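Based on these hints, arrange chain B on the given structure of chain A.
So the sequence lines, in the order shown, correspond to chains A and B.
Quick note on the working numbering: the first sequence kicks off at 33 and runs consecutively.
Quick note on the working numbering: the second sequence kicks off at 33 and runs consecutively.
For the record, the hints were derived by calculation from the structure and aren't laboratory data.
Model, not experiment: these values are computed from the prediction.
It cannot be assumed that every hint is accurate.
[Claimed, not checked] In silico DSS-like cross-links for lysine-lysine, where the CA-CA straight-line distance does not exceed 30 angstroms:
hint	chain 1	residue 1	chain 2	residue 2
1	A	44	B	44
2	B	589	A	44
3	A	589	A	412
4	A	344	B	344
5	A	180	B	180
6	B	186	A	344
7	B	180	A	36
8	A	344	B	180
2 protein chains.
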Amino acid sequence: MLEKLINTALGKQPADLLIKNARILNVFTCEIVHGDIAIADGIIAGIGSYGAAPRVEDVAGQFVVPGFINTHCHVESSMVTPDVYCAEELKWGVTTVITDPHEVANVAGVEGIRFMLDVSANVPIDYFVQLPSCVPATLFEHNGAEIKPDDIAKLINEPGILGLSEMMNYPGVLGCDAGVMEMIVSARNRIIDGHAPALSGKDLQAYAAAGIRTDHESTSFEEALEKIRAGLAVLVREGSAAKDLRGIIAGVVASGLNTDRMAFCTDDKHIADIRRVGTIRHCIRESISLGLEPELAYRMASLNAANIYGLKGLGAVAPGYQADMVVLSDLEDVAVSQVYKRGIRVFPGEFKHRAVSPRFRNSINIAPLKDDSFQLPKPKNGGYPVIHILENQIITEKSFIGADLVSVRLQSNELCKIAVIERHHATGHTGVGLLSGYGLKNGAVATTVGHDSHNIIVVGTNDADMFYAVKEIQRMQGGYVLIRDKKTLGAIPLPVYGLMSACEPDKFITDLEELTRKARDAGVSRNIDPFITLSFLALPLLPKIRITDMGVFDVEKFEFIH
Amino acid sequence: MLEKLINTALGKQPADLLIKNARILNVFTCEIVHGDIAIADGIIAGIGSYGAAPRVEDVAGQFVVPGFINTHCHVESSMVTPDVYCAEELKWGVTTVITDPHEVANVAGVEGIRFMLDVSANVPIDYFVQLPSCVPATLFEHNGAEIKPDDIAKLINEPGILGLSEMMNYPGVLGCDAGVMEMIVSARNRIIDGHAPALSGKDLQAYAAAGIRTDHESTSFEEALEKIRAGLAVLVREGSAAKDLRGIIAGVVASGLNTDRMAFCTDDKHIADIRRVGTIRHCIRESISLGLEPELAYRMASLNAANIYGLKGLGAVAPGYQADMVVLSDLEDVAVSQVYKRGIRVFPGEFKHRAVSPRFRNSINIAPLKDDSFQLPKPKNGGYPVIHILENQIITEKSFIGADLVSVRLQSNELCKIAVIERHHATGHTGVGLLSGYGLKNGAVATTVGHDSHNIIVVGTNDADMFYAVKEIQRMQGGYVLIRDKKTLGAIPLPVYGLMSACEPDKFITDLEELTRKARDAGVSRNIDPFITLSFLALPLLPKIRITDMGVFDVEKFEFIH
Numbered sequence: 033m034l035e036k037l038i039n040t041a042l043g044k045q046p047a048d049l050l051i052k053n054a055r056i057l058n059v060f061t062c063e064i065v066h067g068d069i070a071i072a073d074g075i076i077a078g079i080g081s082y083g084a085a086p087r088v089e090d091v092a093g094q095f096v097v098p099g100f101i102n103t104h105c106h107v108e109s110s111m112v113t114p115d116v117y118c119a120e121e122l123k124w125g126v127t128t129v130i131t132d133p134h135e136v137a138n139v140a141g142v143e144g145i146r147f148m149l150d151v152s153a154n155v156p157i158d159y160f161v162q163l164p165s166c167v168p169a170t171l172f173e174h175n176g177a178e179i180k181p182d183d184i185a186k187l188i189n190e191p192g193i194l195g196l197s198e199m200m201n202y203p204g205v206l207g208c209d210a211g212v213m214e215m216i217v218s219a220r221n222r223i224i225d226g227h228a229p230a231l232s233g234k235d236l237q238a239y240a241a242a243g244i245r246t247d248h249e250s251t252s253f254e255e256a257l258e259k260i261r262a263g264l265a266v267l268v269r270e271g272s273a274a275k276d277l278r279g280i281i282a283g284v285v286a287s288g289l290n291t292d293r294m295a296f297c298t299d300d301k302h303i304a305d306i307r308r309v310g311t312i313r314h315c316i317r318e319s320i321s322l323g324l325e326p327e328l329a330y331r332m333a334s335l336n337a338a339n340i341y342g343l344k345g346l347g348a349v350a351p352g353y354q355a356d357m358v359v360l361s362d363l364e365d366v367a368v369s370q371v372y373k374r375g376i377r378v379f380p381g382e383f384k385h386r387a388v389s390p391r392f393r394n395s396i397n398i399a400p401l402k403d404d405s406f407q408l409p410k411p412k413n414g415g416y417p418v419i420h421i422l423e424n425q426i427i428t429e430k431s432f433i434g435a436d437l438v439s440v441r442l443q444s445n446e447l448c449k450i451a452v453i454e455r456h457h458a459t460g461h462t463g464v465g466l467l468s469g470y471g472l473k474n475g476a477v478a479t480t481v482g483h484d485s486h487n488i489i490v491v492g493t494n495d496a497d498m499f500y501a502v503k504e505i506q507r508m509q510g511g512y513v514l515i516r517d518k519k520t521l522g523a524i525p526l527p528v529y530g531l532m533s534a535c536e537p538d539k540f541i542t543d544l545e546e547l548t549r550k551a552r553d554a555g556v557s558r559n560i561d562p563f564i565t566l567s568f569l570a571l572p573l574l575p576k577i578r579i580t581d582m583g584v585f586d587v588e589k590f591e592f593i594h
Numbered sequence: 033m034l035e036k037l038i039n040t041a042l043g044k045q046p047a048d049l050l051i052k053n054a055r056i057l058n059v060f061t062c063e064i065v066h067g068d069i070a071i072a073d074g075i076i077a078g079i080g081s082y083g084a085a086p087r088v089e090d091v092a093g094q095f096v097v098p099g100f101i102n103t104h105c106h107v108e109s110s111m112v113t114p115d116v117y118c119a120e121e122l123k124w125g126v127t128t129v130i131t132d133p134h135e136v137a138n139v140a141g142v143e144g145i146r147f148m149l150d151v152s153a154n155v156p157i158d159y160f161v162q163l164p165s166c167v168p169a170t171l172f173e174h175n176g177a178e179i180k181p182d183d184i185a186k187l188i189n190e191p192g193i194l195g196l197s198e199m200m201n202y203p204g205v206l207g208c209d210a211g212v213m214e215m216i217v218s219a220r221n222r223i224i225d226g227h228a229p230a231l232s233g234k235d236l237q238a239y240a241a242a243g244i245r246t247d248h249e250s251t252s253f254e255e256a257l258e259k260i261r262a263g264l265a266v267l268v269r270e271g272s273a274a275k276d277l278r279g280i281i282a283g284v285v286a287s288g289l290n291t292d293r294m295a296f297c298t299d300d301k302h303i304a305d306i307r308r309v310g311t312i313r314h315c316i317r318e319s320i321s322l323g324l325e326p327e328l329a330y331r332m333a334s335l336n337a338a339n340i341y342g343l344k345g346l347g348a349v350a351p352g353y354q355a356d357m358v359v360l361s362d363l364e365d366v367a368v369s370q371v372y373k374r375g376i377r378v379f380p381g382e383f384k385h386r387a388v389s390p391r392f393r394n395s396i397n398i399a400p401l402k403d404d405s406f407q408l409p410k411p412k413n414g415g416y417p418v419i420h421i422l423e424n425q426i427i428t429e430k431s432f433i434g435a436d437l438v439s440v441r442l443q444s445n446e447l448c449k450i451a452v453i454e455r456h457h458a459t460g461h462t463g464v465g466l467l468s469g470y471g472l473k474n475g476a477v478a479t480t481v482g483h484d485s486h487n488i489i490v491v492g493t494n495d496a497d498m499f500y501a502v503k504e505i506q507r508m509q510g511g512y513v514l515i516r517d518k519k520t521l522g523a524i525p526l527p528v529y530g531l532m533s534a535c536e537p538d539k540f541i542t543d544l545e546e547l548t549r550k551a552r553d554a555g556v557s558r559n560i561d562p563f564i565t566l567s568f569l570a571l572p573l574l575p576k577i578r579i580t581d582m583g584v585f586d587v588e589k590f591e592f593i594h
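Isolated chain A, as found in the complex (with noise of 0.2 angstroms):
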């Protein structure tokens, strides 16, 4: 294979596919320059003028880039299944993605973590792992299970696994916790990624003394240009919730800082935003369009990811690198016109998925209901706290309702009843409270997607729809409902781990948003998500005022009230 290069470099043997007439970004030099790239094995042999080939690609003067490399991303927030989510980042040039699978490994642990790596094995990408640091990510919840710092010591040199992933317990590395510790000692030969969204001066200090890499949350440039200074690589997220990126790329362009130290990431991202404007390539495009050099731009979502994370041979088209490139017929509007990975082109492309195993269709697991399961529990000091949604934001306020105006207040739709079920280990589990602002007329609306801990979040106006919602929940094994008078309204599947959808993106699409439509028609708000709204409900770090399996969780005091 070594002699197959070379020989193909030196233009003695024809390459196995010859990309002629191109204009090549060289990332090394920030230049643009024209010419041929000669490919074998999947690996690039050479630039320059080369002759025939079994396969040539004219590309008639458009631009090829290297393969785009989505620094940190959670496939579960795409709500696909991982070769769903691939086949969609390679449509847009990605063609390595870096994941943290957070929200599988707090349902299913280890086994969630390997689902994931096997199914994205399906698909022509590179993918790596960065292990969960933090699941579960609170005490105040039961999750499915547990990542341990044995867990980690035994994954950490497995084949795609980079290190350990955003380590979002600052307080137990700054604490000097026992079990973190543990876990940054088994990675500190690999990569270990930051989550320390304000942290500065001697607490960022630490963070990175202890060996911490990159940051991906960052939402302004002089936190990102401090975090820099600490020798932190800057993750610049632009998801569908958090979009950091103008902020940052704005001050970038100002101060005409070095952008070596920094690349791209979604985090979170939708595969209804993914499928509309891509993951990477959206970030390419708006950093160009704030006046970043394109040229710096697509450097940072290729070679710099790559040196960020070593992966040796990843990041550049140039000779010995893997063929991971992307043609544009635009290079400012990063319009991809086709893209190849390993040599082979995979976008215009298509790739079957698998059908997904039942062993990993089976996650709902609840204790058996009773007529009492959503009773409110005893009024404490006379009545019961409740959760006020506001509208296009997530955090929450809290007010305080006497017991006796409560079933008022309901009837009159004011309130809805909010309950979260836990279900992995049917441990029966359940929190009971009064929701505000959500808007529901009549029936229940369920969810098997509740950050971090994915118990099933209910929401209702008479316990029968609340019954009715959760049974149909478990019918299908995980998935969004929404009921009226014991008849679902609509619902949508995600029987993978209560988490992503089996089907094809295009009905999923769809079918989400007609549900939508149907919940508005029943009543939520227009200005909130009727599913995203409630699955940040029972996540109990957010201020002001959350709801978990355990009950009402007053947020500003850290602890229990109700």
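The following block gives chain B in isolation, referenced to the frame of chain A:
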């Protein structure tokens, strides 16, 4: 230890060493920031404002930059042992050396490589070895040992080894030589250094495609640029003989080329020159004087080098990085006032050098000399080739002299005899020829430094003095000698493998200066170095005519001619 680092960074625990009031070069952002540096267990814990510590060093606003990295050097060419060499490097700010023990390997093979690693361990420096890939260098001479593909496979993953060193045999790479392919495959997951003077076009593409990742032979900016385009990192060389920096860096300054893929090296630099101006320190200073931004020059000397060789935790003054730091009273003049290695001050400071065991001081093993040892072979075509030394040049010219004229020319000192005697395995192989342009009037000069096989090279006006010179070399077990009338006018012992001195550098340097003066008094031309010139006369790769222990070699015809 991790806990201590974190708590030191947080200021909860005093640093082992606190460097106060520094102007710190941040190589990530290319800024100079004012602050303190807190160090714990030899690692930088934090940069900022820190309080009391058991050891505080107030540098009063001096600059602190990362320790320098010499990316490619042959320690043997300094003519002192690795511990003496490293102590000298430290004084000039080099805290990491990447070295190729090519010379010693030609004498003693793997044992020699291990010797260099062991002896360097006496000095607090990071001493990384790149395994010599071309031992022996040619088939036209007999050296002491061979480094086989098997040896590379065995050693490649040992501690202290980074990869495979300069693949000088680029025809072997391009020709897919089996042994070369085997070495490259063994080293493919490590770093493979190149050595490809003027390699260009498809040959360069093929060389890079083979997996070679660096080159230090560029002599012009254009050559460096083409290599960087091909994905090779360019190690800008400034040694005792080869001085490539000016041409390359002037081009970088003029073009504004990104320097990320460039670092500095010395290749071959003599201890006398190092002692005068240092190694990498000199490269930085020269680059700044040519107009390169100081921040970029220091970055080339540290972070870039660490990135090119994948040296995690080296190359920056940042939390979690090894506390390798240079304190400078002047940034542009690179005026070194202190050097720290792993948080220990090594300059100002002294190191005791361990005596070298006799085991490594007995490498001269020659067959008994005979009366006719220095007799010229029978004439061919009625005469002999003559090797002409040219002043201030390393290349030679050739001519032919009739057999009848030889004795007259020898008596008139227009010619000397030159002999190369195999000195490793007492095979008795001896090449005898004629030399002009050396200038020696009466006597003999001999050396055991003879690239790359390091046989004994002796030049003389009469057989008796040549005989005596070799005997003296044998007695000293290697070195330089100057003989007249069977008396030793001067001698420099190089007992360590016949290549390196065992004494203190100051004495060595003054002794060498005196011996050089005596050699000039004995007639050796003012415009050549009496010893280094001889050292290159046995290197059958340099034009136009050479002599080895196998005879007189015509480099242009690529064959022995006498």
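- [ ] Could you check the structure against the hints above and give me the numbers of any it violates, in ascending order?
- [x] 1, 5
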